[in-house]
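Student: These protein sequence lines map, in sequence, to chains A and B.
Last residue of the first sequence? That's 177 in this note's numbering, and every number before it is there in order.
Last residue of the second sequence? That's 237 in this note's numbering, and every number before it is there in order.
Calculated from the structure, these hints are not laboratory results.
Source: prediction; values computed, not measured.
No false leads were slipped in.
Derived CB-CB ranges, DEER-like:
1) Lys-126(A) with Pro-130(B): 19 to 27 Å
2) Arg-30(B) with Arg-27(A): 40 to 48 Å
3) Gly-167(B) with Leu-28(A): 55 to 63 Å
C-beta: ideal position from N, C-alpha, C; glycine also.
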Amino acid sequence: MSKLKLATVWLDGCSGCHMSFLDMDERLLELAELVDVVYSPIVDTKEFPDEVDIALVEGAVASVDDEKKIKKIRAHSKMLVAMGDCAITGNVPAMRNPIGPETILDRAYIENASAQAQIPCVVVPKLLKIVRPIHEFVKVDVYLPGCPPSADTFHTALTALVTGGPLDVSALTRFGA
Amino acid sequence: MSDAVEVKTLIIDEQEVSARRGQTILEVARENDINIPTLCHLDGLGDVGACRLCLVEIKGSNKLLPACVATVYEGMEVSTNTERLRRYRRNILELLFAERNHTCAVCVSNGHCELQTMAQEQGLTHVRLPYRNPELAVDASHERFTLDHNRCILCTRCVRVCAEIEGAHIWDLMGRGEACTVISDLHEEWGKSACTRCGKCVQVCPTGALFDKSKVGSDQPKNPDFLPYLNLMREAR
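Just chain A, with the same shape it has in the complex (with noise of 0.2 Å):
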């Protein structure tokens, strides 16, 4: 049996999912023999690739960037699974919404700065005005909440999504978990 195409995606996070997929220590290896992980930000492929069985996606829909990014992915992967609360609900990131992406950038760049203040506009993408989950951009098919989801939480659930078994998210975790 050929190995299942792992992606896994750092949208607007704090990359917490990451850690705590990789939290899952030697069972990796486990999961190793069942999937191959061809994009990642701990691999070193540029480019989504044309065919990916599973992707995990964490963090929010922030930026043109993140909604190029999240659409392209939907395109491109046969199951989409919203990891962790910002990709869910915003979480973090969102909290900048009744705010506003100006008044933020002003803080940060301008009103922070000690030396040269101005909002950065090459190279970085815009920001969006308000930060949403990307369910709001694309179909998902799982979601997996919690900041993070824990390292059992992620064996647990890529277990059952890798071999077909049955998947009870909510016994597993819950927003802010």
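The hints should help you fit chain B onto chain A, whose structure is shown.
Tutor: What follows is chain B alone, placed relative to chain A:
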């Protein structure tokens, strides 16, 4: 009529149960270990039917009734856990999460929150409605406690405990619909209100809307269990 207790017989979830006249469906259900989810109800406080989580189906009626305020009658047939009710309960929770800014991960009540626990119990893994992201105030004017409107679900437990138990009635609601908010006195800062500093409202608040300033981080379990005991002691007096 004699003073003898009038007994009603009814069916809850296909289980035959007996009740005293005037008891609510919720009381009878819980006496019989039938779980009906609630958020605004709290043992020891008067019920208002605000959260609608305890809605139940009554055979022969199209209307759903809130179990916390609907009283039993002879021959009543109640269903508490149908697919329709589970769907409505998830909808209600989604509305609560979408209405204000409940960022569980950074909330003082993370891990001790009744809204968070309820979402998990009802199998809510995401909110299908767009979040409203309202800009809401935090009232930290009180020397001991803080009110964070971002986390408030308008259950009115604080209003009721202050009016019914403490007898101060400094809390109430102002405005309607999305503008509805908890206020102290006639919309004064909490710190300038007639608050007696008893802290009962903080203990009964199901979320992180009311919290104790002296505690750090999310290590803030609430202890509303004093209420039935306090009522019992007062009745005995």
